[in-house]
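Student: All chains should be modelled from the sequences, with the hints used to inform the complete structure.
Protein sequences, first through last, are from chains A, B, C and D.
The numbering of the first sequence is UniProt numbering, which starts it at 1 and goes up by one.
The numbering of the second sequence is UniProt numbering, which starts it at 1 and goes up by one.
The numbering of the third sequence is UniProt numbering, which starts it at 1 and goes up by one.
The numbering of the fourth sequence is UniProt numbering, which starts it at 1 and goes up by one.
Keep in mind that the hints are not guaranteed to be accurate.
To be verified - Within a straight-line C-alpha distance of at most 20 Å, the following computed SDA-like cross-link-like pairs (lysine to any residue) qualify: (1) LYS128/B x ASP141/C; (2) LYS2/D x ARG196/D; (3) LYS23/B x ARG202/C; (4) LYS73/A x LYS23/A; (5) LYS47/B x ALA13/C; (6) LYS47/A x ARG196/D; (7) LYS2/D x ALA13/C; (8) LYS2/D x ALA229/C.
Just so you know, these hints were derived from the structure itself, not from any lab.
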Amino acid sequence: MALDADWAERWVRRTADAIADAKDELTELDRQIGDGDHGENLDRGFKAVVARLDDAAAEPEPAGERTVGDVLKLVATTLMSTVGGASGPLYGTAYLRAAKVSGRPQIDPPAVVAVLEAALEGVASRGKATVGEKTMVDAWHAAVEAAEAAAGDGGSEVDVLRAAAAAADTAATATIPLVATKGRASYLGERSAGHEDPGARSTALVLGAAMAAALSGPTPADPRSAA
Amino acid sequence: MALDADWAERWVRRTADAIADAKDELTELDRQIGDGDHGENLDRGFKAVVARLDDAAAEPEPAGERTVGDVLKLVATTLMSTVGGASGPLYGTAYLRAAKVSGRPQIDPPAVVAVLEAALEGVASRGKATVGEKTMVDAWHAAVEAAEAAAGDGGSEVDVLRAAAAAADTAATATIPLVATKGRASYLGERSAGHEDPGARSTALVLGAAMAAALSGPTPADPRSAA
Amino acid sequence: MKKLLNDPADAVADSLAGFALAHADLVRLSPAPVFVVRAGGAVTGKVGLVSGGGSGHEPLHAGFVGDGMLDAAVPGAVFTSPTPDQILPAVQAADGGAGVLTIVKNYTGDVLNFESAVELAVEEGIEVASVLVNDDVAVEDSLYTAGRRGVAGTVAVEKIAGAAADRGADLAGVTAVAERVIANVRSMGVALAAPRVPHVGRPSFDLADDEIEVGIGIHGEPGRRRVPAADADAVTEMLLTPVADDLALARGERVLLFVNGMGGTPLSELYVVYGRARRLLEERGVTVSRSLVGNYVTSLEMQGASVTVLRLDDELEALWDAPVNTAALRW
Amino acid sequence: MKKLLNDPADAVADSLAGFALAHADLVRLSPAPVFVVRAGGAVTGKVGLVSGGGSGHEPLHAGFVGDGMLDAAVPGAVFTSPTPDQILPAVQAADGGAGVLTIVKNYTGDVLNFESAVELAVEEGIEVASVLVNDDVAVEDSLYTAGRRGVAGTVAVEKIAGAAADRGADLAGVTAVAERVIANVRSMGVALAAPRVPHVGRPSFDLADDEIEVGIGIHGEPGRRRVPAADADAVTEMLLTPVADDLALARGERVLLFVNGMGGTPLSELYVVYGRARRLLEERGVTVSRSLVGNYVTSLEMQGASVTVLRLDDELEALWDAPVNTAALRW
Ligand SMILES: Nc1ncnc2c1ncn2[C@@H]1O[C@H](COP(=O)(O)OP(=O)(O)O)[C@@H](O)[C@H]1O
Ligand SMILES: Nc1ncnc2c1ncn2[C@@H]1O[C@H](COP(=O)(O)OP(=O)(O)O)[C@@H](O)[C@H]1O
Ligand SMILES: [Mg+2]
Ligand SMILES: [Mg+2]
Ligand SMILES: [Mg+2]
Ligand SMILES: [Mg+2]
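Tutor: Structural data, given as structure tokens:
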């Protein structure tokens, strides 16, 4: 079972739900070591993404089959124009690079890995951050490594995403003891230790949504499937 | 035993002590229905009065006997130039008018009554207030009536002042249910009811000090008596 | 209670010392008795303008000393009127031979202390006139109050009277202009949180987290009524409506709309209030032809705002527009 | 949490709408995408100046749009950098054909979003240069941080670069002047109480009644260290000393001393800080030849202040003195 554009849309909608649910938690994490807006920023962005997906669903189907990359590109440009802050350009670049390597109606496990690799490369190059700096890069990096291993073991799309999501979750937790050296938390110096990085946590939510979307089929909440 | 300038000085010093002790209480009363500075204002003023009395005590005795009015005049000018607010000019005028009728080395019971009458007249005319407006006039007025009665009954200086102090105290308490129609508390309208007027309370303290000063002789705390 | 102060007893003196150093081009400070006078002293032949009152309302009044506004300002202790022995030398320092107008906010303490000082100044041969600013519609001007208070409208009185004096009007003329501003300016304020007077150590009144005080003055006095917290549009309406009603503004009139911050409310919120107040005026057919938004008449760090409306005509508008160069108002 | 706001989601839009109405003589508001541009639009032949950043720092930046300072300002959500699709049209609107300088405070979000916008603007054929303001000495500029933050020093950069552009300097010239200000300006701030972001509903950090945060930024981030509350003289020394040391001020030099309020501290207290900072500079043999005291780069209603020092020379002093006419700075 390869993943298609409908999966990508389910992924994004589930992400929006997960972020909305975790909004206050993410904001509280950011309040501790940042400026207390991460949950609000992402929620604003993903709500806008959902609104655009709804608009697109209401329009007549365009000619030609929709690709995974089409969906991810819509996410990228929407986040870039609605989120702001550090996470807007970073997530925006992640989805943009991911869209570039997924311009096909369906993606198989190696292509899923390539999507994650592209996202990581986007965040890391845009933010000039490497692993261990207590940023979302930590979560993306762990996800990519785990996804590569799962795909190398011949795992399915779901296996790959399950591994990625679990690794991102673990990596987010593992940011707690770190001292931040990038982003706003770095201003705190040693005082940043002892708190989870909000961007790493939101990355874990994003990847958890990807796995859940792959596990589930189209849902009634999805306008495309209702049409 | 007529009251002399030393009595007046003891009166003023005892007033300063009483005000200092009650500073926070007066300020709290003023915080409820005014601007929370009455204790601070009077404390600043009476501390300045004591400083000037100390200065005067350190200087060579001026020629001619000191009058009660001399002391009260010093209080008047000092309060006028250091207290500010409404109470500065009001108390200043009270002491100024009182000084005008006490330009003698000694005052007897009728003269004590005249001093209080002059003070009342000063406050009432300066503040354009009458009895029942929930101001210090209420306390001064009650004191004058009681003093007149006590003097009429042939009371001593102490009797007169005891009656005045007790009446002022009762009158201060009696301001609680009143709605203020003068001064800052009048801005509150009905909300001013239920709180004691700070100026009426400080008037009661002033008159209580007058009685205590009459009861006691010169004390060791008084530099003049120590000299 | 945390504040950026040293000994609370020195709060006013320390602040004025810094103020005078920062604005030495505009003002000079007399340390004892305390008053602030324009750097060059009195302007010969110009009517002098003096105002004053308790401290804690900065930039009022010292921030308005300079060209085109006040010649001297007399700060008292925090929220406490200054004394006559401060006011008198300030009046003397402001006298350029054409007389002095004292602009007094209507509070018993200010009135009494200025009264005494003016009496003394007149005895010394200075021609002195006085006006009482009483723009606060929260307080009814009746037998049952000390009369309406003077609040943010004072800025308009000082600015416009200052411009009239600058233009060469005589004492009667400057006084008449000031009276005309007073007759046409009204204000009303709200507090979301009380100020904290340095030496008191606690807020001037206690407000629950879902309450606001409507009809507050600028000395930390509680307001006329305590009401449930509401959004900016609703609160603005509570302020603007009595102001506009009291002025009996008619369609086609034009006004200055002044939204004043109480000290602890972000500027961004004042603009929200301004936007709503302006819309309400426009709905009444009134044109807002001049505007002022900012912290000009404050109450330490009180959170809240007031809305002031001044009915304008050609003369008042021209005087408002006239150049002014002070620490806090400049154009 | 009480604020003079309507729906928190509309806080920025409502405030900007009021701001644009109050200052229609100076600015025009583009509602979507949101940016503020000077009333007359770009000045042909003049280098355009654009700045921006999260909202909540008012009057920064929109309050500095006008003659002699910024041509456009781009406000993001509260404490959140604006997006490239807001910044790009602002750059376009500020372009009078002589190129545009973007003045960016050094925060990851501001840097990334401006970077994207500049890339797009350059693609469209606009000549764009950028400078990064990073005056906050609380943060070391090292491998282990995102670099020093941009805080109150931004006002000096915008004012002086604006004057250079007004004088007719070309893009390289304006950029060089801005870089020179950045190289010579340093700041440090303190918080006594945290701001409250509208949609968050609680203070950005929790401070006990006997604690202060030293080395805070302007987004409600906690500071570098939490220390026991101290008096104004001691706190001022904590701010001024690292600033003066970092600038390596030598005897005989002259400076601009800027004491900036964080929004919720009374003006009177800022002057207390100013007085002490000035004395400390004078003890170092440094002359304070220019001064600014007030709430210019705020953090909502945060209580606290920052001290900024800019090393001056004849050129910078003349550019600082050059006329400016904006909502928040005017002379
Ligand atoms: N240079 C960087 N590289 C990668 N990620 C970063 C960088 N700077 C910040 N981040 C991520 O962005 C998150 C903060 O996002 P957000 O709060 O939305 O933006 P802001 O810091 O501008 O308020 C951090 O938790 C961190 O994961
Ligand atoms: N018009 C008046 N006539 C008589 N007493 C007055 C008048 N106005 C105020 N007072 C008295 O002054 C007291 C307040 O004094 P104070 O707090 O020192 O001055 P302020 O009101 O200026 O802060 C009131 O409690 C009241 O007793
Ligand atoms: Mg953040
Ligand atoms: Mg009082
Ligand atoms: Mg008072
Ligand atoms: Mg942010």
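Student: Tell me the numbers of any earlier hints that the structure contravenes, in ascending order.
Tutor: When the structure is compared with the hints, numbers 4, 6 and 7 turn out to be violated.
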